[in-house]
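Quick note, the sequences are listed as chains A and B, same order. Sequential numbering from 47 applies to the first sequence in this note's numbering. Sequential numbering from 47 applies to the second sequence in this note's numbering.
No lab work stands behind these hints, which were simulated from the structure alone. If you're wondering where the values come from, they're calculated on a predicted model, not measured in any experiment. Treat the hints with care, as some may be off.
When chains are identical, the list treats them as one kind, so a pair holds in a single copy or across two.
[Said to hold, decoys possible] Taking lysine to any residue and the SDA-like style, the derived pairs with C-alpha atoms no more than 20 Å apart in a straight line are: (1) K126 / N66; (2) K291 / I233; (3) K126 / M238; (4) K198 / M267; (5) K291 / N229; (6) K213 / N137; (7) K291 / E227; (8) K293 / E142; (9) K291 / D232.
Chain by chain, the residues run as shown.
There are 2 protein chains.
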Amino acid sequence: MEHTVIYGKNAVIEALEANNREFNRILISNSARSDVKIERIKELAAELGIIFQFVDVRKLNQIEPEGRHQGVIAQISPIKYTDLDDFIEENKDTKECSVVILDGIEDSHNTGAIIRSCVCAGVQGIILPSRRGVLINSTVEKTSAGAANNIKIIKVNSLTGAVQKLKENNYWVIASDHHAEDNYYDIDYTNMNTALIMGAEHSGISRSLLKLSDFKVKIPMLTNFNSLNVSNAAAIILFEMVRQKMKQRGA
Amino acid sequence: MEHTVIYGKNAVIEALEANNREFNRILISNSARSDVKIERIKELAAELGIIFQFVDVRKLNQIEPEGRHQGVIAQISPIKYTDLDDFIEENKDTKECSVVILDGIEDSHNTGAIIRSCVCAGVQGIILPSRRGVLINSTVEKTSAGAANNIKIIKVNSLTGAVQKLKENNYWVIASDHHAEDNYYDIDYTNMNTALIMGAEHSGISRSLLKLSDFKVKIPMLTNFNSLNVSNAAAIILFEMVRQKMKQRGA
Numbered sequence: 047m048e049h050t051v052i053y054g055k056n057a058v059i060e061a062l063e064a065n066n067r068e069f070n071r072i073l074i075s076n077s078a079r080s081d082v083k084i085e086r087i088k089e090l091a092a093e094l095g096i097i098f099q100f101v102d103v104r105k106l107n108q109i110e111p112e113g114r115h116q117g118v119i120a121q122i123s124p125i126k127y128t129d130l131d132d133f134i135e136e137n138k139d140t141k142e143c144s145v146v147i148l149d150g151i152e153d154s155h156n157t158g159a160i161i162r163s164c165v166c167a168g169v170q171g172i173i174l175p176s177r178r179g180v181l182i183n184s185t186v187e188k189t190s191a192g193a194a195n196n197i198k199i200i201k202v203n204s205l206t207g208a209v210q211k212l213k214e215n216n217y218w219v220i221a222s223d224h225h226a227e228d229n230y231y232d233i234d235y236t237n238m239n240t241a242l243i244m245g246a247e248h249s250g251i252s253r254s255l256l257k258l259s260d261f262k263v264k265i266p267m268l269t270n271f272n273s274l275n276v277s278n279a280a281a282i283i284l285f286e287m288v289r290q291k292m293k294q295r296g297a
Numbered sequence: 047m048e049h050t051v052i053y054g055k056n057a058v059i060e061a062l063e064a065n066n067r068e069f070n071r072i073l074i075s076n077s078a079r080s081d082v083k084i085e086r087i088k089e090l091a092a093e094l095g096i097i098f099q100f101v102d103v104r105k106l107n108q109i110e111p112e113g114r115h116q117g118v119i120a121q122i123s124p125i126k127y128t129d130l131d132d133f134i135e136e137n138k139d140t141k142e143c144s145v146v147i148l149d150g151i152e153d154s155h156n157t158g159a160i161i162r163s164c165v166c167a168g169v170q171g172i173i174l175p176s177r178r179g180v181l182i183n184s185t186v187e188k189t190s191a192g193a194a195n196n197i198k199i200i201k202v203n204s205l206t207g208a209v210q211k212l213k214e215n216n217y218w219v220i221a222s223d224h225h226a227e228d229n230y231y232d233i234d235y236t237n238m239n240t241a242l243i244m245g246a247e248h249s250g251i252s253r254s255l256l257k258l259s260d261f262k263v264k265i266p267m268l269t270n271f272n273s274l275n276v277s278n279a280a281a282i283i284l285f286e287m288v289r290q291k292m293k294q295r296g297a
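With the rest of the complex left out, here is chain A (with noise of 0.2 Å):
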């Protein structure tokens, strides 16, 4: 089975949790202290018939150098991919479904941290290019907290292509993008189903998508200092239109 490897003792509960992913094993250091969560990994692995190995901390860090695996690394098998038409059918009847589109987002850290928050402000998909910015890679699942196991990935050779597609589909495109002249907290995003395209770190977003949004908005800064961290204005965006929807919900 080809394989790759997930660390982090949250990362792996999550993986283990969502159970859509196949397990080689699991490896534990014998030097982990036990604790609350070491303790929930072996539960869910005995339960669902994984191979957990206790291992000297050495061999963790082999696989892992960067000594971020917390004592816990799972082999598993690689995400899968969803493809764009699988998930436009699959969700034609979600109420205010949305998605997140990265493009070009070269941190493996802004990716996780972007995928954590989608899935707290239940947003449906993420859609990454196939060849600009990263895909999902080990940082990325961990930085994510396992959070990528919550959600469709959908992984697309053009960006461009996948917003004509939506908006074909009924989805409203959001821009983000600090030359705009809406504040992103005029825009009304009940009652539609959104997608949101979030800029790399450093070139922003390419001019042929900001051409097809049917909203651009910036984020209003009380300073003029740079800009903030690509995942934190995602994180704000998403958690207005989140605010929205509590908001109409009567909560």
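Based on the hints, put chain B in the right spot on chain A.
Same frame as chain A, but now just chain B:
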């Protein structure tokens, strides 16, 4: 001169622009492609009479072995911490003065990203405990994209003491706590001084600080996935404060 290093193009540019640190020298890699940012660094360094040297990239790799220096490292004086009493005194006429208190945040990337968001959101000060969590190090400065130079960093021995002092000085204390009943957007943050407490990644805010808080707020989620990254949570609450202030100003 005792010095620290900062690295990365943005971090160095911001430190030069803020011009509140003493520079020993700036090292630029021989093989760094000259671009707008490198040119800006040379221009600012020349203006300020700061020595810059072209060196072999291996020299930079020795100083910052994780390869995130982007070809630029500056040796500068450590960040100056501000005293809480001085901060309160200096800001006694600031309208809607706001500070963010980091209660034991352990990850330098999170601390740096929070500082960056704070500067964008017009926050005046960051309060860090001297003995728990990270202080300002090179990774924090890099992740903050240099924002650490544009805000007062206040180091205190006791967060409880600091919160009591802020309350005596007319600050309203808001704790981000996912057990809270109120949603973060249900508080009116305008026309008051605020102190927002963000808790450690795993353990949250300590009980003694929660008890002292005037408001406890949660960020409602649309799924029950565990939780947001702490820097994203901070950005969401800080920019709700900005949203309210902008609305009040009619923007």
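Hint check results:
With identical chains, the CA atoms of K126 and N66 are at most 20 Å apart within one copy only, with a shortest distance of 9 Å there and 50 Å across copies. In this assembly of identical chains, K291 and I233 lie within 20 Å of each other by CA distance both inside one copy and across copies; the values are 12 Å within and 17 Å between. Proximity of K126 to M238 under the C-alpha cut-off of 20 Å is found in neither arrangement, the shortest distances being 27 Å within a copy and 49 Å between copies. In this assembly of identical chains, the alpha carbons of K198 and M267 lie at most 20 Å apart only when taken from different copies (18 Å versus 32 Å within one copy).
Proximity of K291 and N229 under a CA criterion of 20 Å is satisfied in both settings, with 18 Å inside one chain copy and 13 Å between copies. For the identical chains of this complex, K213 and N137 are intra-copy neighbours only, at 14 Å inside a copy versus 49 Å across copies, given an alpha-carbon limit of 20 Å. When the C-alpha separation of K291 and E227 is checked against a cutoff of 20 Å, the pair qualifies only between copies, where the shortest distance is 18 Å, while the shortest distance within a copy is 23 Å. Taking identical chains as interchangeable, the C-alpha atoms of K293 and E142 lie at most 20 Å apart only when both belong to the same chain, with a minimum of 14 Å there against 26 Å between chains.
In the homo-oligomer, the alpha carbons of K291 and D232 lie at most 20 Å apart both inside one protomer (14 Å) and across protomers (14 Å), since each shortest distance falls under that limit.
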